[in-house]
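Visitor: Read off the chains here:
Protein chains: 2
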Amino acid sequence: MSLVNSSATWVQTHSIYNFTGSKYTSSRLYLLHPLKNKLPFSLFLPNPMTKPAIPFSTFSISAIVAKEQTNTPQEQSKTENDEVFNFKAYMTEKCNSVQKALDDAVFLREPLKIHKSMRYSLLAGGKRVRPLLCIAACGLFGGQESVAMPSACAIEMIHTMALMHDDLPCMDNGYLRRGKPANHKVYGEDAAVLAGDAMLAFAFEYIATATKGVSSEIIVRVIGELAKSVGSEGLIAGQIIDVCSEGMPDAGLEHLEFIRISIVDDIIDVTKSSQESGKTAGNDLVADNTTYPKLIGIEKSKELVEKLNRGAQYHLAGFDPDKAAPLIALTNYIAHLVN
Amino acid sequence: MSLVNSSATWVQTHSIYNFTGSKYTSSRLYLLHPLKNKLPFSLFLPNPMTKPAIPFSTFSISAIVAKEQTNTPQEQSKTENDEVFNFKAYMTEKCNSVQKALDDAVFLREPLKIHKSMRYSLLAGGKRVRPLLCIAACGLFGGQESVAMPSACAIEMIHTMALMHDDLPCMDNGYLRRGKPANHKVYGEDAAVLAGDAMLAFAFEYIATATKGVSSEIIVRVIGELAKSVGSEGLIAGQIIDVCSEGMPDAGLEHLEFIRISIVDDIIDVTKSSQESGKTAGNDLVADNTTYPKLIGIEKSKELVEKLNRGAQYHLAGFDPDKAAPLIALTNYIAHLVN
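Just so you know, the protein sequences line up as chains A and B, in that order. Our numbering applies: residue 1 is where the first sequence begins, and numbers increase by one. Our numbering applies: residue 1 is where the second sequence begins, and numbers increase by one.
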């Protein structure tokens with residue numbers, strides 16, 4: 001892969017990330033530029049005009065990955081080249097790669113407390129959906145995993161930072177995250193604030209220093225776009241409106257759709273136990289958050305998830321089926337987490 | 001100024017910033033790489049071997065700027081070209097430039113609360129020592145203000161973020177900052193956490209998107225170095241050790257010197273009122289922080305400031321006196337804040 005190609009891949013990777021990988025705080029899926037809606041395509045395409053190259057239902061594999069079931073029809077997983085795409089193996093391999101990269105990036109050193117705190121949350125597991133989306137999007141354009149890995153890790157670091165700060169008593173006051181006590185329950189509120197800050201800064205340091213085989217022009221662009229997606233018109237925008245809308249009786253669906261796509265996690269917050277979700281269940285109800293289930297009900301929310309997924313699949317239909325397979329599978333995986 | 005030159009200037013700017021501009025949390029001056037001590041030169045040079053091109057006492061101008069006095073001997077302010085360097089005018093001009101740039105960068109927009117919170121702390125004033133050091137260091141190598149401004153603003157944004165988080169009840173619990181109620185007293189703890197996060201992310205976005213006339217290679221390097229200076233081996237390292245050492249009876253001077261240069265603000269915390277310093281006075285005493293005044297006393301601490309300043313002046317002595325004048329003056333200004 002040439003430098004030019006890998007560079008192009010990077011931009012595309014992050015454009016795709018802007019589309020599907022922007023889940024940060026309160027475990028919600030936020031639009032990255034909710035106020036400007038700079039998405040490269042609409043997420044709300046109700047009626048795809050063409051049939052996707054890979055059938056919509058082909059990669060309904062959340063059960064495979066999450067529950068270790070293997071009853072998905074393999075014959076439906078074939079791409080146009082008749083190669084079976086094994087999503088479970090893909091997820092396992094990529095998750096291991098991401099875990100190792102994160103482990104190496106934030107290694108234990110002095111001062112011990114801050115690095116222990118960072119590693120506690122960063123290496124606690126999670127589905128690693130965001131870094132995998134980054135890697136899969138890179139792969140969509142022929143880019144190798146190694147090219148996208150620093151960005152993929154940075155995205156996971158930022159996500160983890162957001163969760164750590166979101167769990168603080170002054171925020172959502174979560175006590176459980178990724179199946180373990182929230183960071184501040186173990187290391188204290190002060191360390192949780194500081195470790196989050198350090199993680200956010202390190203995310204940008206890591207992209208700037210660890211990315212190889214990509215032109216500096218592209219790295220600068222990636223940093224600029226990712227930082228924007230985190231800031232006061234991205235992640236934080238969704239979060240502050242979330243904070244402000246808590247208990248607001250007049251916050252409506254239009255308001256909600258304007259700022260975020262949080263349906264999947266809104267549904268999970270209501271329908272799953274803490275043990276199943278690995279985090280404090282029912283936090284939205286306690287805080288009286290304005291969520292999709294609250295406004296339109298569980299079933300309508302699930303229908304909307306399906307519709308969004310169809311839109312995503314439609315937009316992926318024009319790509320090389322072999323290269324698109326991981327991203328298609330990931331999108332289905334996310335959509336089916338609600339079941 | 002050529003692209004190459006401005007690029008070189010940038011690197012030097014940030015190296016200089018690493019030296020003198022690393023004051024972030026708890027209003028202390030931290031070394032940026034306290035655990036690795038990667039400073040380009042020693043700060044603890046006791047006996048300069050050569051006489052600086054500009055006498056040490058030439059720019060003792062803190063009184064001019066801080067107290068509007070104009071009794072500094074002008075004849076001592078002449079550079080080798082017999083041009084009088086007017087530090088007061090320099091400070092006023094550059095402060096205004098920085099203020100305008102910050103105002104433009106973080107303009108008021110939706111969501112209003114987060115941007116109001118950010119602007120409240122960012123535009124509250126302060127001495128703007130850090131961005132001015134950045135601009136002055138750029139000028140030391142012939143670089144123009146406009147080249148350094150995005151980085152200068154980013155440094156001030158990061159500093160402001162650190163102050164906002166540092167003032168949180170779970171941290172230093174400060175109620176006064178820059179002469180106004182602390183951010184969380186006005187906008188709430190949740191907004192103060194989020195606005196700080198947004199500011200940190202925006203600092204990197206701003207460097208990546210607003211810097212003009214500098215090669216992408218240098219921008220990537222600047223982002224990498226600045227992010228490292230903020231992270232778990234920089235700003236946060238000092239802060240977490242600060243948190244951990246509170247109330248520790250066995251924390252000694254060696255421990256303190258290893259992690260930070262905080263003498264100026266340690267002294268100010270003890271000797272100045274809240275009205276004079278613009279922030280909660282005596283916080284170190286309340287928290288039983290391990291500070292220089294606590295360990296070696298006020299007078300010895302002031303002597304150490306003088307010694308550090310002489311070391312800084314020594315290292316600036318080899319540069320073009322006209323170009324070095326602002327940085328020399330700024331260094332003296334910082335050193336004399338304790339008087």
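Quick caveat, the hints were computed from the structure, so don't treat them as lab data. There may be inaccurate statements among the hints.
Which copy is meant is left open, so a pair is good if it fits within one copy or across any two.
[Claimed, not checked] The calculated lysine-lysine pairs, modelled on DSS-like cross-linking and capped at a C-alpha distance of 30 Å, are:
1. Lys113 - Lys185
2. Lys127 - Lys300
3. Lys272 - Lys180
4. Lys100 - Lys212
5. Lys88 - Lys212
6. Lys100 - Lys113
7. Lys100 - Lys294
8. Lys113 - Lys294
9. Lys307 - Lys185
10. Lys294 - Lys272
11. Lys307 - Lys100
12. Lys323 - Lys272
13. Lys185 - Lys302
14. Lys185 - Lys323
15. Lys294 - Lys323
16. Lys323 - Lys300
17. Lys113 - Lys323
18. Lys113 - Lys307
19. Lys307 - Lys294
20. Lys180 - Lys113
21. Lys113 - Lys88
22. Lys88 - Lys294
23. Lys113 - Lys272
24. Lys100 - Lys300
Visitor: Against each hint, give a clear statement of whether it holds in the structure.
Guide: Each hint, compared with the structure:
| no. | hint | verdict |
| --- | --- | --- |
| 1 | Lys113 - Lys185 | both (14 Å within a copy, 29 Å between copies) |
| 2 | Lys127 - Lys300 | within (25 Å within a copy, 55 Å between copies) |
| 3 | Lys272 - Lys180 | within (16 Å within a copy, 45 Å between copies) |
| 4 | Lys100 - Lys212 | within (17 Å within a copy, 37 Å between copies) |
| 5 | Lys88 - Lys212 | within (28 Å within a copy, 46 Å between copies) |
| 6 | Lys100 - Lys113 | within (21 Å within a copy, 39 Å between copies) |
| 7 | Lys100 - Lys294 | neither (39 Å within a copy, 44 Å between copies) |
| 8 | Lys113 - Lys294 | between (40 Å within a copy, 24 Å between copies) |
| 9 | Lys307 - Lys185 | neither (39 Å within a copy, 43 Å between copies) |
| 10 | Lys294 - Lys272 | within (15 Å within a copy, 53 Å between copies) |
| 11 | Lys307 - Lys100 | neither (35 Å within a copy, 46 Å between copies) |
| 12 | Lys323 - Lys272 | neither (33 Å within a copy, 64 Å between copies) |
| 13 | Lys185 - Lys302 | neither (33 Å within a copy, 40 Å between copies) |
| 14 | Lys185 - Lys323 | neither (42 Å within a copy, 52 Å between copies) |
| 15 | Lys294 - Lys323 | neither (38 Å within a copy, 63 Å between copies) |
| 16 | Lys323 - Lys300 | neither (32 Å within a copy, 67 Å between copies) |
| 17 | Lys113 - Lys323 | neither (42 Å within a copy, 43 Å between copies) |
| 18 | Lys113 - Lys307 | neither (45 Å within a copy, 33 Å between copies) |
| 19 | Lys307 - Lys294 | within (19 Å within a copy, 64 Å between copies) |
| 20 | Lys180 - Lys113 | within (18 Å within a copy, 32 Å between copies) |
| 21 | Lys113 - Lys88 | neither (36 Å within a copy, 43 Å between copies) |
| 22 | Lys88 - Lys294 | neither (33 Å within a copy, 59 Å between copies) |
| 23 | Lys113 - Lys272 | neither (33 Å within a copy, 32 Å between copies) |
| 24 | Lys100 - Lys300 | neither (39 Å within a copy, 49 Å between copies) |
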